[in-house]
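Novice: Based on the hints, put chain B in the right spot on chain A.
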Amino acid sequence: MLTYVYSIKHHSRHYQRRLWEHGFGTYEKVITGVAELDDLVTRVHLDEIIKSENQINLWTKAESVEEVIRTGKNFIYPTYSKAPPWGAARNIEWVIETFSHEMIEAINSGQCNLIVDDSFEGVRWSNEDVYEFKLLLSQYNIDITKIIVLTASWSYIYNGFPFRMIYYPYAEHHRHINSEDILPPRKPDAKKFLCLNAHHRQNRFELVYQVFKRGMENNFNISYLASMDDGEDVIEFWRGLADNTDDPYPFGEWDEDRQRFLKLTPIFYDYTKDEIDHEGNTNLKDDSVENNRAALSGTGYHLKSKKVGNVMSNPVFHRENSWIYVITETMFDDCIGKDNSHRDVSEKTWKPIGLKMPFILLHQPFALRRLRDIGYRTFHTIWDENYDEITNVADRFNAIMDLIESINNREDFLDIMHKCEEIVEHNFQMLKLRRPEMSMIKECSTFLKDG
Amino acid sequence: MVNFIKISPIVDLKKIKDKRFILYYWFAKNSIDVNLMTLDQAIDSGENFIYTLYPKEPWNVSEHIKKFSNELVDCINSGRCNLVINDAMEGRKWCKNNIKIFIDSLKKKAIDASKVIVLSQSWSYIYNDMPFRMVHWLWHESIMSENAKPIDVPRHNFAKKFICLNRYNKQDRFYFIYQMYKNNLLDEFNFSHHKVTSKDDFDMWDDCNWLWTDDMTEFAETTPHIYDDVDCWKGDEFIKIDPKHRQDNYIYVVTESVFNVQKPYDPFDGMTRDTSEKTWKPIALKMPFIMSHQPFALKRLRDIGYKTFHTIWDESYDEIIDCNKRMAAIVDLVKSLSSREDFVDMVESCDNIVEHNFKMLKLRSPEQDMIKECSTFLKG
Numbered sequence: 001m002l003t004y005v006y007s008i009k010h011h012s013r014h015y016q017r018r019l020w021e022h023g024f025g026t027y028e029k030v031i032t033g034v035a036e037l038d039d040l041v042t043r044v045h046l047d048e049i050i051k052s053e054n055q056i057n058l059w060t061k062a063e064s065v066e067e068v069i070r071t072g073k074n075f076i077y078p079t080y081s082k083a084p085p086w087g088a089a090r091n092i093e094w095v096i097e098t099f100s101h102e103m104i105e106a107i108n109s110g111q112c113n114l115i116v117d118d119s120f121e122g123v124r125w126s127n128e129d130v131y132e133f134k135l136l137l138s139q140y141n142i143d144i145t146k147i148i149v150l151t152a153s154w155s156y157i158y159n160g161f162p163f164r165m166i167y168y169p170y171a172e173h174h175r176h177i178n179s180e181d182i183l184p185p186r187k188p189d190a191k192k193f194l195c196l197n198a199h200h201r202q203n204r205f206e207l208v209y210q211v212f213k214r215g216m217e218n219n220f221n222i223s224y225l226a227s228m229d230d231g232e233d234v235i236e237f238w239r240g241l242a243d244n245t246d247d248p249y250p251f252g253e254w255d256e257d258r259q260r261f262l263k264l265t266p267i268f269y270d271y272t273k274d275e276i277d278h279e280g281n282t283n284l285k286d287d288s289v290e291n292n293r294a295a296l297s298g299t300g301y302h303l304k305s306k307k308v309g310n311v312m313s314n315p316v317f318h319r320e321n322s323w324i325y326v327i328t329e330t331m332f333d334d335c336i337g338k339d340n341s342h343r344d345v346s347e348k349t350w351k352p353i354g355l356k357m358p359f360i361l362l363h364q365p366f367a368l369r370r371l372r373d374i375g376y377r378t379f380h381t382i383w384d385e386n387y388d389e390i391t392n393v394a395d396r397f398n399a400i401m402d403l404i405e406s407i408n409n410r411e412d413f414l415d416i417m418h419k420c421e422e423i424v425e426h427n428f429q430m431l432k433l434r435r436p437e438m439s440m441i442k443e444c445s446t447f448l449k450d451g
Numbered sequence: 452m453v454n455f456i457k458i459s460p461i462v463d464l465k466k467i468k469d470k471r472f473i474l475y476y477w478f479a480k481n482s483i484d485v486n487l488m489t490l491d492q493a494i495d496s497g498e499n500f501i502y503t504l505y506p507k508e509p510w511n512v513s514e515h516i517k518k519f520s521n522e523l524v525d526c527i528n529s530g531r532c533n534l535v536i537n538d539a540m541e542g543r544k545w546c547k548n549n550i551k552i553f554i555d556s557l558k559k560k561a562i563d564a565s566k567v568i569v570l571s572q573s574w575s576y577i578y579n580d581m582p583f584r585m586v587h588w589l590w591h592e593s594i595m596s597e598n599a600k601p602i603d604v605p606r607h608n609f610a611k612k613f614i615c616l617n618r619y620n621k622q623d624r625f626y627f628i629y630q631m632y633k634n635n636l637l638d639e640f641n642f643s644h645h646k647v648t649s650k651d652d653f654d655m656w657d658d659c660n661w662l663w664t665d666d667m668t669e670f671a672e673t674t675p676h677i678y679d680d681v682d683c684w685k686g687d688e689f690i691k692i693d694p695k696h697r698q699d700n701y702i703y704v705v706t707e708s709v710f711n712v713q714k715p716y717d718p719f720d721g722m723t724r725d726t727s728e729k730t731w732k733p734i735a736l737k738m739p740f741i742m743s744h745q746p747f748a749l750k751r752l753r754d755i756g757y758k759t760f761h762t763i764w765d766e767s768y769d770e771i772i773d774c775n776k777r778m779a780a781i782v783d784l785v786k787s788l789s790s791r792e793d794f795v796d797m798v799e800s801c802d803n804i805v806e807h808n809f810k811m812l813k814l815r816s817p818e819q820d821m822i823k824e825c826s827t828f829l830k831g
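First to last, the protein sequences are chains A and B. Under my numbering, the first residue of the first sequence carries the number 1, and numbering increases by one thereafter. Under my numbering, the first residue of the second sequence carries the number 452, and numbering increases by one thereafter.
Extracted from the complex, chain A is given alone in its bound form (with noise of 0.2 Å):
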């Protein structure tokens, strides 16, 4: 059976390389050798590792990868796709390239498992992707079923793949991992709904501004940052989206008003209005407040750089200050199609979950659906959830916008909310037992030697 597990770090300032790790390090079977460690809680973790009477021979430095490999032990060598082009799991090239042919010997021998980490996000993979894959690693004469690629893409647990791949949540492990059951109860002024947006997407700017133009917006903590990854000018993206015809705007006509709406963007919930001027930058004298800010709030997102950082934190006030969080996933399509896929839900939706809030979800249909199989229960019994099984983007949105409104207006609101209470208890006590890495863990730890 597996004793031990060589971690190679290879580029541990990328985050997906700590997200890898989190997993093999919360598991209490698997001994985890991190040749280098950059990150507290790994080093605690292998402290207590090394504390361990069942634990020996711990891998602690490995000077290169060929050293791991004349050592002839087992050992993984994750990595991750980069870009370009964004959202193909398949372009390792620029990790192979640098392969030895040792390493590229270890791989196909079994010694080591190349891991292609997908696990945050779970691009999906066209047959052109898989073809792409297969010819990448063939010209470096690596063997395909070697490969293991981790995915947050639910579509793939069972698949005919010519390699191996294996569906890890690493989002709800995460959250998983960092959600506390000791939580504050709502503030008398809570609003009704809460509401981020930090990306922009044509669904999220839909609902912000469905939310103003049915004068919601008083009961709501929202925000739209409309950040762009590559400083492209919003509205001039925006503009461009509304003249293209292949691809019309789903929500109906890209008219005036959701222009002028457009331009009262960026709309901020986690910055207080004295902090920031009436272009949107920050008043903060001390830069560490603006980080601090970014990592506690629910976007991450830092005003001066108008990038989205810490994603993942997940601030109590969040639930203090809102009753029902609006989760508006990053896909919203119909999953219709040759090469449709279902991603998981993403960090967004096991927020609400680990704060124990009632939760909507825009997402892709059969989101609800998927959540209840693996566990979760859903509020079809407080209010209407048969949004979740419309496949028309158009229709599945106004039937989410028809059912904010109406809970919005329900004069038995608060009761409502206490009806959900057992609920949301019982999905943290899910999101607290799952162990959704299991397989990752199992498919890792395997390795395929020849013959």
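Mixed in with the good hints, there may be bad ones.
[To be verified] Calculated cross-link-like contacts (lysine to aspartate or glutamate; reagent style EDC-like; alpha-carbon spacing at most 16 Å):
1) Lys823/B - Asp384/A
2) Lys813/B - Glu425/A
3) Lys213/A - Asp402/A
[As the list claims (entries may be wrong)] Covered stretches of chain A (chain B as the covering partner; in silico rule of three or more C-beta atoms under 8 Å from a C-beta of chain B):
4) 371–383
5) 425–434
No lab work stands behind these hints: they were computed from the structure. Idealized CB from N, CA, C, for every residue including glycine.
Specialist: Relative to chain A, chain B alone:
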């Protein structure tokens, strides 16, 4: 408040001793008020109601619906009545011909298929595109979750290493027990198997899997083997959790009903059934288990929250599609575990896993999708 028709004319409820076979029990359990009505009362009331059928084959409903009144058909088509076909105990395969039989039967009675709900235990159909409302419900998990009580009884000194119970004759079950016999391992087992005289005693014996041999005939002569002396088809015996099984044994070898090559990623090419009560029993008894089932059954269990034993022993059998090779891997695994000198220590090292699984069984609430769909009335 959800209205149910009190007595389905097709089902003799007197024969069903356990009320948990009936749909409305699960509504009440989830704190949803239930109102029982006669069919006439329901039609006259103008309210929504649920009417459940329990046909042996879920697509063969002609006999059940032929006496439906025009008023009842109107109620179904207008969305006032949810007609529910309950196959949540089995989860049979819906091949294209079965779907056609079902739709044709409904058409003949002028029933709108898109209003009809079918409950299935097969997880191939969780996300489906059927012309009716197909809903997945792991009824066995629901009921075993109810039945499971905290258990800590220790093993007896004379406990055997394995338990394997086989009531209905299936070739894979016979073959497994035969392999244990051939490897002189039956002394390590508490096991049962029905009388077998030849391969004709099986619904299907596929010689492509395992050729019937003289050795098998010799072993068949030793059958039947009885361990717990329970007729599982009497009443609710088959869902009973017997602490004796835990006291007398260390590892449960579960021989599920289906052992084939069908894969979950070809859902309409084949069919994958969820695990039955056979697998929930060791979980309820906090026992480790080895599963003889369709490929990826353990992966499915892990996906829905359970832990399996891959850190203690090799579970790669779960991902072997080929039946021969999968069975050979299971047999090899049992042989290797049986020969371990640290067998008891090894089983004790499963404690965290079996405790986790018990908690998960008690926490999960697999009837949620059924409740949601059955209480949704599609008007218009």
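Novice: Work down the list of hints and note, for each, if the structure agrees.
Specialist: Quick rundown of the hints versus the structure:
no. : hint                : verdict
1   : Lys823/B - Asp384/A : holds, 9 Å
2   : Lys813/B - Glu425/A : holds, 14 Å
3   : Lys213/A - Asp402/A : holds, 13 Å
4   : 371–383             : holds (count 8)
5   : 425–434             : holds (count 5)
In summary, the structure agrees with every hint in the numbered list given earlier.
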